[in-house]
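Residue numbers (this note's numbering), protein chains in the order written: chain A, 1 to 340; chain B, 1 to 340; chain C, 1 to 340.
Keep in mind that the hints were calculated from the coordinates and are not lab data.
By construction, the Cβ of each residue, glycine as well, lies at the ideal position given by its N, Cα and C atoms.
If a hint is listed, it holds; no wrong ones were tucked in.
Listed next, the stretches of chain C that the computed footprint assigns to chain A, with coverage defined by at least 3 CB atoms under 8 Å from CB atoms of chain A:
id	region
1	129 to 136
2	139 to 151
3	155 to 164
4	293 to 306
Computed spacing ranges between beta-carbons, pair by pair:
id	chain 1	residue 1	chain 2	residue 2	range
5	B	Ala240	A	Ala164	12 to 22 Å
6	C	Lys14	A	Ser272	29 to 39 Å
7	A	Glu188	C	Ala236	53 to 63 Å
8	C	His173	B	Glu136	41 to 51 Å
9	A	Ser272	C	Val277	46 to 56 Å
10	A	Asp3	C	Thr82	52 to 62 Å
11	B	Pro271	A	Phe190	58 to 68 Å
12	C	Thr82	A	Lys133	21 to 31 Å
13	C	Ala270	B	Phe11	38 to 48 Å
14	A	Ala108	B	Glu136	31 to 41 Å
15	B	Gln13	A	Asn78	43 to 53 Å
16	C	Leu191	A	Asn185	53 to 63 Å
17	A	His173	B	Glu136	42 to 52 Å
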Amino acid sequence: MSDALSAWTGFTQKNALARFLDINLRGAGQVIFQNNPLTGLFFLAAIIWGAIASGQIDIAIGAVVALVVATVTAMLLNVDQTSLEQGMFGFNGVLVGVAVPTLLADGAAMWFILLVGAAVSTVVMLAVSKIMKTWEAPALTFPFVLTSWFLVLGAYSFGHLPIASMGPAALPHALDTAGAESALNVTELFLAWLKGPAQVFLINNPVSGVLVLVGLLVSSAWAAGLAAVGAAVALAVSLALGASLAAVTAGLYGFSPVLTAVGLGCVFYAPSPRVLVFALLGTVFTVLVQGAMNAGVAPLGIPTFTAPFVFVTWLFLLPKADLKPHPHGLMQGGLFKKSP
Amino acid sequence: MSDALSAWTGFTQKNALARFLDINLRGAGQVIFQNNPLTGLFFLAAIIWGAIASGQIDIAIGAVVALVVATVTAMLLNVDQTSLEQGMFGFNGVLVGVAVPTLLADGAAMWFILLVGAAVSTVVMLAVSKIMKTWEAPALTFPFVLTSWFLVLGAYSFGHLPIASMGPAALPHALDTAGAESALNVTELFLAWLKGPAQVFLINNPVSGVLVLVGLLVSSAWAAGLAAVGAAVALAVSLALGASLAAVTAGLYGFSPVLTAVGLGCVFYAPSPRVLVFALLGTVFTVLVQGAMNAGVAPLGIPTFTAPFVFVTWLFLLPKADLKPHPHGLMQGGLFKKSP
Amino acid sequence: MSDALSAWTGFTQKNALARFLDINLRGAGQVIFQNNPLTGLFFLAAIIWGAIASGQIDIAIGAVVALVVATVTAMLLNVDQTSLEQGMFGFNGVLVGVAVPTLLADGAAMWFILLVGAAVSTVVMLAVSKIMKTWEAPALTFPFVLTSWFLVLGAYSFGHLPIASMGPAALPHALDTAGAESALNVTELFLAWLKGPAQVFLINNPVSGVLVLVGLLVSSAWAAGLAAVGAAVALAVSLALGASLAAVTAGLYGFSPVLTAVGLGCVFYAPSPRVLVFALLGTVFTVLVQGAMNAGVAPLGIPTFTAPFVFVTWLFLLPKADLKPHPHGLMQGGLFKKSP
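Okay, chain A solo, but in the shape it has when bound (with noise of 0.2 Å):
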């Protein structure tokens, strides 16, 4: 495997469209945080699949147009030329490209904004990368959260934007569901345990749960453990609150935890028992944040996308080197002093 990718690798360096696909791939699997053009081919596999099988071949056609929009956008900006090569500007466009044909209905004016999303994934990108630097901190997904809650929330003004699957909009009210996850038997957990990671691309899909774990497990044993692991644990914990049985069993409590767990477990820190039992206690906290966020945004009538693994992780990522919080005391130089 490692050979056939350094043979690509040496291909891309003299073929300017091998190299323009290289990017693109590798756009596809930092995804899920991986430089590797493989693992973006299993996820772009994963995602097809998913649009073949339910009939939605616009789904299909959007990630790969937006992905490459994306990408385009990027190198007519300018970027940073290593970000680029590593995929860097491609992550947050094959989401939105993924996001937008989900929820939308076919038209006109859904390839109009999602092609406008794309190219505006990069600049959001950028943005937030910008702000987030200063703590040393990366955007992660936000900038496809950011982007494509602008682009579907439209679709409840504009006339022209029918909505496909979203909403309707409702005011949060306590759930009912006791007893009721005796119900699943083990095949439907199995199979709601590998929804979890096909949702990370909103795919509703077991055997594209088992292609992103393939596509995780070419690039990194950890990756592909850690992000088993975080779906079975958001299984238990969403089981054992008493979530929705159909959000549960369509992965829908399983995507952000199996984000969380792979960033903090292997991603941006070395794994290490220490920082096992943190990231678990960040993919714990997932799930709690993302039955928060679906009540949250449902009087908006839109789905969280990533929103809660974006927030926890930052908020598990951002104390790094700097545990002195500002004293309960005086600020510096007194209230507003005359300017000299």
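Fit chains B and C to the known structure of chain A by using the hints.
Relative to chain A, chains B and C alone:
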């Protein structure tokens, strides 16, 4: 014109009252980024004309009073003298002073919160400026947006602050406007276009729109041109996407794109073909964000104010000079170490 | 009193258990900025008194358990030792420990999220501190607010987390309270005033309010005086604006202004006539923001917690030492250049 301006500037050096007037007029001008007292005079005229035409003289009084209170607050806080003299502490105040009497009914409680809000707008301007300067970016009109949201949202909690024109709070729901835009004739389109610049000041009046454009023209042909084009782009995109005709014809899809077009096209970047394409992308995206935020604030029963402009312009300004995101790799120094 | 405190401090140097107790008591005291174990003891007494008086002993247990868990988590993460010993990692935990059992019904799931939340509150404290230190500002109680929002909002998604007293979610609607405030007699006003300081700890009990004020007095006369004045200002402004009498008499308009008054008036700025006027403006604005946020969180069916205090105090602290905004002029270096 520029001779008269020079004479006026010379006069303000000798006369303290003229100087104070000059600062306040520049404050009004800075609503659309113009450090020019004549522009400010036109903008105030636009507000006053609109207020009189709709029989709401309290809006004109509120604008002037809040402008002065915000400026005086800045003086009392010993802010940077150059920024003060450029009117940087007036533009949020004047907008607060228009927003409160437009949305809430006249009365002692309304004037109380208007005065508090005008003073606070200067504090918020300082706070937001401090944060945004970390990334060499301006506060834009976010101090106005944030302060006014806090002021008018409170009307739902305080019985002595009756609402004049705002809300009611409602969940967003899909709109069916297909085909309705064909109903607009050329005159209606022309008036809707003029109301875009007017609604920057929350004024629903085409004559005020002319005054705003002329006010820009006396200061900068680029600014006037980009405002006109921005309003036209917003009209075209919002109609093409099937936005509410009532909102479009009132200029409510135009004011934020006007500000984005001017800000990105000629204020914060120097106009060039490359910059204009970038500004166009930002202007189109502002229309999408306006639609999204209209749905987003609906459950709270408040307007978006200029938040779509602020968020998009920040996203399009922040990338400057730092085009390298944090990689998806290890943080420096591992997990929390023992403090030394 | 100060002799006893010195003796205690000396004892904590020799006895590890006493030292741990001291850290936790200071953690409770830091809820209102006091690095003082006796103050913390009074604050815990206020919580316990209120819990027993309302027959909810789980609130008292939750407060103590969460305080200890948050402190121990800080120790395990090797945080800055001085900050730890000042109780900077306890105050958010103790508030999480009060909030969860107050709003959610007793049960295994409630205790599970309380423990997770208490540990996470320390991580969030580190994260928020890191961000706010960029501008030399403190985290305030935002870690408590954010963590608790995530915990209790999830109750709408998790069937095993029944709600005890929160919500229901509702759209904001205009209030008609004109004239109702005349119904309050002097005793009712007095009790409402005392409940302001008590509600800092989510306790609806006037005796607890006395304990809080006395706890402040043993540490700082300024803090006690400003808390008392802040509660009185909040009472006057909220009644004058026609706020809900039920909310006013429960102290729900008082707790955030109390914190703002103490924080701005004597903790982060040294008291002076100039500072006190500034703190008064902040305190009055906090009442307006409390009203706004009550409406703002209504569609989610959650409380504001101390967010009004946090947002206003940040806005009033941030301007310090940087009173020059970015001008409305060109960004440095034009649009994205070719990277070198």
